[in-house]
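Engineer: Sequences listed follow chains A and B, in order. Read in UniProt numbering, the first sequence has 223 at position 223, and its numbers run on one by one without any break. Read in UniProt numbering, the second sequence has 16 at position 16, and its numbers run on one by one without any break.
A few of these clues could be false.
As the list claims (entries may be wrong) - 20 Å max Cα-Cα, derived SDA-like pairs, lysine to any residue:
id, chain 1, residue 1, chain 2, residue 2
1, A, 36, B, 1060
2, B, 896, B, 873
3, B, 875, A, 269
4, A, 271, B, 712
5, A, 260, B, 709
6, A, 86, B, 779
7, B, 960, B, 947
8, B, 713, A, 102
9, A, 271, B, 873
10, A, 271, B, 434
11, A, 271, B, 1060
12, A, 178, B, 51
13, B, 713, A, 183
14, A, 254, B, 44
15, B, 769, A, 217
16, B, 1060, A, 20
17, B, 779, A, 216
18, A, 245, B, 51
19, A, 185, B, 873
20, A, 260, B, 1060
21, B, 875, A, 20
22, B, 73, A, 20
23, A, 245, B, 44
24, B, 875, A, 141
Said to hold, decoys possible - Below, a sample of chain B positions facing chain A; criterion: calculated Cβ distance under 10 Å:
id, residue
25, 39
26, 443
27, 447
Unchecked claim - What follows is a set of in silico ranges between Cβ atoms, one per label pair, in the way DEER data are often shown:
id, chain 1, residue 1, chain 2, residue 2, range
28, A, 225, B, 751, 50 to 60 Å
29, A, 269, B, 771, 21 to 31 Å
30, A, 158, B, 763, 49 to 59 Å
31, A, 87, B, 738, 44 to 54 Å
32, A, 107, B, 969, 26 to 36 Å
33, A, 237, B, 431, 56 to 66 Å
34, B, 891, A, 237, 52 to 62 Å
35, B, 771, A, 225, 18 to 28 Å
36, B, 706, A, 216, 40 to 50 Å
37, B, 780, A, 225, 20 to 30 Å
38, B, 659, A, 227, 24 to 34 Å
39, B, 641, A, 269, 45 to 55 Å
40, B, 780, A, 130, 50 to 60 Å
Simulated from the structure, these hints should not be mistaken for lab results. Here the structure is a predicted model, which means the values were calculated and not measured. Think of the CB as a built atom: it goes at the ideal place given N, C-alpha and C, for glycine as much as any other residue.
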Amino acid sequence: MAAAVPRVAGAAPPGYTALAVKFGERQRASHYLLVKEHQVREGAGAGHPPRRTLFVLNVPPYCGPDALSRLFARCGHVQSVDVCDKPEPGEKKEKLTSKYFNRKPVTGFHVAYVVFRKPSGVQAAKALSQEGPLLISTESHPVKTGISKWIANYGASVVDQEELKAEVDAYMQDYDEKIAEEEAKAAEEEGVPDEEGWVKVTRKGRKPGLPRTEAANLRVLEREKQKRARKELLNFYAWQHRESKREHIAQLRKKFEEDKQRIALMRAQRKFRPY
Amino acid sequence: MAGSPEAVEEETAQGRAARSGKRAAPAGDLQPAKLSRAELYKPPTSEELSQLKETEDLFHSSLLRLQIEELLKEVTLKETKKKKIDAFLHEISSLLSAIPETPETELTDQAWLPKGVKVPFLQVPFSVKGRFRFLPPAELKVVGSYLLGTCIKPEINVDVAVTMPREIFQDKDNLNQRYHRKRALYLAYIAQHFSKEKLFGSVKFAFMNSNHLKPILLLRPQGKDEKMVTVRLHACPAPGLFKPSRFYPSKNNVRMAWFMEQSTPKEGAAEPPTPHYNNSILCDTVLLSHLHFLSSAATDFPGMKDGLALLKVWLNQRQLSKGLGCFSGFLVSMLVGYLLMKRKIVKMMSGYQVLRSTLQFLATTDLSVTGITLAKDADVSLPVLDDFHQAFEVVFVDPSGLVNLCADMTASKYHQVQFEARRSMEILDDRMVDGFQALLMTMKPMLRTFDHVFHLKHVSKLQGACKKMQLLNELMDRGGNYVAAALPFVVSLLTRGLAGRALLVAHSLPQIPEWPIDTEPPKHKDVGPLTFGLLFVPEFAASVLEKGPQADLPEAQDFRTFWGEKSELRRFQDGSICEAVVWEADTVCQKRLIPEQIVRHLLKLHTDIPESSVCYTGALLESVIRPGREVSGTGEEAMVSVVCSYDDLSRKLWNLKGLPLTVTAVQGVHPALRYTDTKHLLLPSEEKPCPAYIAPLTIICHMEGSGQWPQDKEAIKRIKAAFHLQLAELLQEQHHLVCRPAVTHTDVYKDGYVFRLQVAYHREPLILKEVVTPEGMLKYQDTEESRQLELETLHLPYLTSSLHGLQQQHPVFGSTCRLAKRWISAQLLSDNISEECVDLLVAFLFLHPAPFTPPSSPQVGFLRFLNLLATFDWKNSPLIINLNAGLTDADCTEIKNKFMAARSRLPVMFIATPKDQWSSMWTQERPSAQILQRLLVLASESLRALEEQLMDPLNSQDVKMVFRPPLDLYDVLIHLNPNQIPRHLEGVDRPLKSFTRGVVKNSAAVKILFPVVDYDPVQCYLQELRDAFSDLALFFYDKHGGEVIAVLWKPLSFQPQPFKVSNVKGRMVTTLNNELVCVPNVEAILEDFEVLGQGLVKSVEARTEKWTI
């Protein structure tokens, strides 16, 4: 918002290279992808191997994995492209297998990890900054946006009942088996002391113990408190009497004080002008 | 603590200032009061004890006491001002005695009067006998509230009685307005002299309480004090000038022949009594004695002064204290004097108790039936109360036993006062309501008070009404004022016609503004439009039938003449044959307008007032919630049919055979199922432009708990999906309903609506909350997911059923809600405030209407909604909505206290309901502080504009104006292609030409494929925009067919920021002053708007250059 300062398009912070991208031929202004070689601390996994992985920042929303892999194909063979909302330090979580459950598409501006087959691909990609803006949607490979995309999405949202059913059944079968296994194991262990002699008490079995939940703990404490309160005598000694009277006046004073404060605030806001 | 209250207050105020000084916040937040232990527990002084006790005895609570004290400080006159006023009065008195006398002339010869002044009197007929000369006043006395110390701001009036010397008058001056004209000439001469004096800022005439027989002279001091005080000169006759017996209510003092300008009186015709005329003269003779009466009442009675000030504020807020026939401050003072005389008030009472007792008396006494008198000893010669009742509608006789203080008041006005008093007593007795706020601080303009309001555009039409109703005698009595003469009759006509439907038929008081002395006095027609207000009995207001007496009874004839041609004989189911009137109305919205039909019909029939001069503003706003092009209906019928269809579906679900678990509950959550949905229900066909939008109506279907349910969240999801599949299958099999299952729901197509069934398992939120601590203890912690699920399956169904119940009690709740939502949406803010929140705000209007009554028309409800938004103090108080009366008094106090303690952590808009006392779940994320601020500004602006329009019947009314948003403050406008807006037809200004959306009427015969459901490209687009640019800009859209998306850049994110990996979204890196910074890549973003909305976006218009960096 300051006066126009001559701008250097495509400047990049240290370590990064800026690549201009445009959606298509018709657009005039371009976004800048910031790319650098992916660096990982040791031990990080094989998903994004060092030296071969290009880390891409500021990927526009309409530029999905397919488009990215096409953009970088000219630098060398692209092995895989991962997109995520923000840079993830660790290993990527296990691949989502289900077609219907837990699908969260990446939206908005995001980051990507492009894994080349050879390290030279990374260097070649950095060199792209010298060329003109890259095009995301070309005539041979148009990217769907707007109405056509939403219609396609709507179409995709209609599920195949049989397939869904089969998937659910398969999952539940696995799940049931897993539960059955656990139960069998628990039944085996019941009443059997471990090496230090402790016996594990569960909800199941003949003598269910107190459930180990926070609510149960609180309940016990509350009950204790009530028991103690029942034993106490009220207004028995003279000092108790005195005390309660004093307390009453203190309450009145406190209320008065609070009211006064409220009034002072209202007065400050001119709440007492009737019209 | 032991000091006087003022000292303590000052002390705390200073303390506060010191404390808040550190934070330098402009308006301090409310902090819980903190007293040190020592302060709290020190021994009380006797003074303090008595004060605390007094507070408990004389006032409701200490807060009320303090509030009243503050209010009194605000409205009473300050001592310093009094001194100035006294000096001013002194100068007036010396000036008055210096005015020279004039020679005697005929009354009609007014040539002696200097040029610069016009007689402040409508001299019709002009010719009158009698002679006049000016003589300096015999006496000058201050009377009225100034001496009693009960005059209050904003209008400080000092009444001065100027006694005209006896020599001015002749015999028979009581006749034919001779006295009145002399009085007017007397004032005119004084006015002319005063107008030359430098002492006065302005010298003007006015009519006392707009009674045109009683001009008064208004004098205001020069300079900056001009606004401070108005001295009103009343001319009055010398004592003993007139014989009182001449002015008994049954006597005549205006001769018919003179009034009709006939030369000879008609033989044999008895002259009719002229009670109002008589009363107007008598009033002048008793000014001083009233002053004595009141000052004797006020001695040793400090509470009276406070009480009167409160009562006057109360009357002012209800617009009852100004105009012809008002319940003036003077009247209420006399009433307090009466109650003191009757020992209903004692001199020990505090101001608050005076207010209470007076309201109690007003609430329970109908002065239009049983009048009261202040006259003590029964003088047999004086007229009795019955004489007064015959002559006047409302009777309250003064100490002299001659003057009716309520002479000009209509019975309807008194009933309104009575109604208000009754309502106020209810409020005072209700501990849940802040009585102070409701009674004394809330203005009750007619538009917001009455369910329907209509205007009589041209009062001159009442002239014809007088003729039609043969009111010549009344006209003569009122000195030709046809408005005053006809009004009581018109009101009683309407009251009779609307009996049973209307609780109250009220009218505005005719008011004539003051005028400069060199212009002619205003005519009767200058009172402007007359406004009438109707307050309905919700059960009967919309009934189509007016059942009369049986045909063979004598009353039948009366009924027939009253209703005219509309009355016809009808046979009823019980076999009786009765006279009846049936009004034509098909839809609910038309039925609500039956009172309009009645009003128009009766006015036309009995008073010759044409329909064109009645401007009825009952349902002007409802056009914006009408579906489709047809003129009738506001979609309420559609809502009912949805609910029927839903009931049927839920029955089918209950009885579904073959499910592994039974259905335990079926609960609707969609707004349509609580009658508050703004969208109209349409059906699409497969046509080219975007299909009409069909919103699925969500229903939660609870399944029974069982050991079979898995205890793992992923597995529960699968099982639910399986249920959805099976529900679809079974519904298709057993009831032939077209269904489309999905993972999270099943869509069922039924009767033209699409219901979205969601299976719920009551333990699922709990399972989502489970966390195991390192010690192995199971803890429950709210997570985003569990909160969302609880909201959907637990709280929303509960809210829906509560509001559904509210709709059953208050039939216009739904329509009001829809108007409110439509307005918010039209202002492009619907995405920034949850629908449930709006529903609750409207519910508040119905559950806590004080000081009003629950709305019985959507329009008044909407106006009050705007007012609530605009005036509620969201920062310092919680909005407590007592749904199903689930909160006690103690709960409310607790909520208020906790709210204050935790203010900074709570949402800006805090709404508490019985099931949600602490979290305000519907306002937690939305609206933000900025949006709320904007909403408040828009609401108060809209309210102002709307009320102005509705109260001005003479101009063309375009109420849709407040539904058109101002677009000038937005940075970018994205224009959309109407082709692709599915809800284009719902726009406020319905497009002239739109694309056929394939709207199929609900015909079951047509075989339809499953319709396109929940497909709104604009919403998809908005979602993508917000995903991509939410940290750079805000997007606003009217979801009801808006053609434009307004974009507002966030100024903060446009400041250059240092490079951060997580913060480059849509920005570009550039060098500024040799530093690398990130700035938004605006050109590219603007093009992205187009790219993302390909096919939907027509053009992107960047309107400001704010973004250039």
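Engineer: All hints, please: hold or fail.
Structural biologist: How the hints compare with the structure:
Simply put, residue 36 (chain A) and residue 1060 (chain B) have alpha-carbon atoms about 14 Å apart, close enough for the 20 Å limit, and the pair holds. Between residue 896 (chain B) and residue 873 (chain B), the direct Cα distance comes to roughly 13 Å. Compliance with the 20 Å bound is thereby established for this hinted pair. As the CA atoms of residue 875 (chain B) and residue 269 (chain A) are separated by approximately 12 Å, the hinted pair is consistent with the 20 Å bound. Taken as a hint, the residue 271 (chain A) and residue 712 (chain B) pair is broken in the structure, with Cα atoms around 55 Å apart against an allowance of 20 Å.
Of the pairs offered as hints, the one joining residue 260 (chain A) and residue 709 (chain B) is violated, with about 57 Å between alpha carbons and a cut-off of 20 Å exceeded. Proposed proximity of residue 86 (chain A) and residue 779 (chain B) is contradicted: the alpha carbons are some 30 Å apart, above 20 Å. In summary, the hint linking residue 960 (chain B) to residue 947 (chain B) is supported, as the alpha carbons are separated by about 13 Å, within the 20 Å threshold. At roughly 12 Å between alpha-carbon atoms, residue 713 (chain B) and residue 102 (chain A) fall within 20 Å of each other, so this suggested pair holds.
Pair hint residue 271 (chain A) plus residue 873 (chain B) holds up; C-alpha atoms about 10 Å apart against a cutoff of 20 Å. A C-alpha spacing of about 14 Å is found between residue 271 (chain A) and residue 434 (chain B), which places the hinted pair at or below 20 Å, so the restraint holds. As the CA atoms of residue 271 (chain A) and residue 1060 (chain B) are separated by approximately 48 Å, the hinted pair breaks the 20 Å bound. As the CA atoms of residue 178 (chain A) and residue 51 (chain B) are separated by approximately 75 Å, the hinted pair breaks the 20 Å bound.
Taking the CA atoms of residue 713 (chain B) and residue 183 (chain A), the gap is near 18 Å; set against the 20 Å cutoff, the hint holds. Our distance criterion of 20 Å between C-alpha atoms is met by residue 254 (chain A) and residue 44 (chain B), whose separation comes to about 13 Å. Taken as a hint, the residue 769 (chain B) and residue 217 (chain A) pair is honoured in the structure, with Cα atoms around 17 Å apart against an allowance of 20 Å. Between residue 1060 (chain B) and residue 20 (chain A) the alpha-carbon distance is near 19 Å, which keeps this suggested pair within the 20 Å criterion.
A C-alpha spacing of about 10 Å is found between residue 779 (chain B) and residue 216 (chain A), which places the hinted pair at or below 20 Å, so the restraint holds. Of the pairs offered as hints, the one joining residue 245 (chain A) and residue 51 (chain B) holds, with about 17 Å between alpha carbons and a cut-off of 20 Å not exceeded. Taking the CA atoms of residue 185 (chain A) and residue 873 (chain B), the gap is about 62 Å. The hint is violated against a cut of 20 Å. Proposed proximity of residue 260 (chain A) and residue 1060 (chain B) is contradicted: the alpha carbons are some 50 Å apart, above 20 Å.
Simply put, residue 875 (chain B) and residue 20 (chain A) have alpha-carbon atoms about 48 Å apart, too far for the 20 Å limit, and the pair is violated. The hinted pair formed by residue 73 (chain B) and residue 20 (chain A) fails the criterion: a straight-line CA distance of about 70 Å is larger than 20 Å. The hinted pair formed by residue 245 (chain A) and residue 44 (chain B) meets the criterion: a straight-line CA distance of about 11 Å does not exceed 20 Å. Restraint check: the Cα-Cα separation between residue 875 (chain B) and residue 141 (chain A) comes to about 55 Å, which exceeds 20 Å; the hinted pair is violated.
Given the 10 Å rule on beta carbons, the hint for residue 39 (chain B) holds: about 8 Å separates it from the nearest Cβ of chain A. With its C-beta approaching chain A no nearer than about 6 Å, residue 443 (chain B) sits inside the 10 Å limit, and its interface hint holds. Annotation: residue 447 (chain B) was flagged as interfacial toward chain A, and the flag is violated, the nearest CB pair being 16 Å apart, outside 10 Å. Here the CB-CB span from residue 225 (chain A) to residue 751 (chain B) is close to 57 Å, well matched to the stated 50 to 60 Å.
Between residue 269 (chain A) and residue 771 (chain B) the beta carbons are some 44 Å apart, a value that contradicts the proposed interval 21 to 31 Å. Under the hint 49 to 59 Å, the C-beta atoms of residue 158 (chain A) and residue 763 (chain B), about 31 Å apart, miss the expected range. In this structure the supplied range 44 to 54 Å holds for residue 87 (chain A) paired with residue 738 (chain B), their Cβ-Cβ distance being about 47 Å. About 28 Å separates the C-beta atoms of residue 107 (chain A) and residue 969 (chain B), a value consistent with the hinted range of 26 to 36 Å.
The beta-carbon spacing between residue 237 (chain A) and residue 431 (chain B), approximately 35 Å, falls outside the hinted interval of 56 to 66 Å. Checked against the given bound of 52 to 62 Å, the beta carbons of residue 891 (chain B) and residue 237 (chain A), roughly 34 Å apart, lie outside it. Distance hint check for residue 771 (chain B) and residue 225 (chain A): the Cβ-Cβ separation is about 26 Å, which falls inside the suggested range of 18 to 28 Å. For the pair residue 706 (chain B) and residue 216 (chain A), the beta carbons lie near 23 Å from each other, so the given range of 40 to 50 Å is not met.
Our hint of 20 to 30 Å for residue 780 (chain B) and residue 225 (chain A) holds, since their Cβ atoms are close to 21 Å apart. Checking the proposed 24 to 34 Å range against residue 659 (chain B) and residue 227 (chain A) shows it is violated: the Cβ atoms sit about 47 Å from each other. In this structure, residue 641 (chain B) and residue 269 (chain A) meet the distance hint of 45 to 55 Å, their C-beta atoms being roughly 48 Å apart. Between residue 780 (chain B) and residue 130 (chain A) the Cβ separation comes to about 58 Å, which falls inside the hinted range of 50 to 60 Å.
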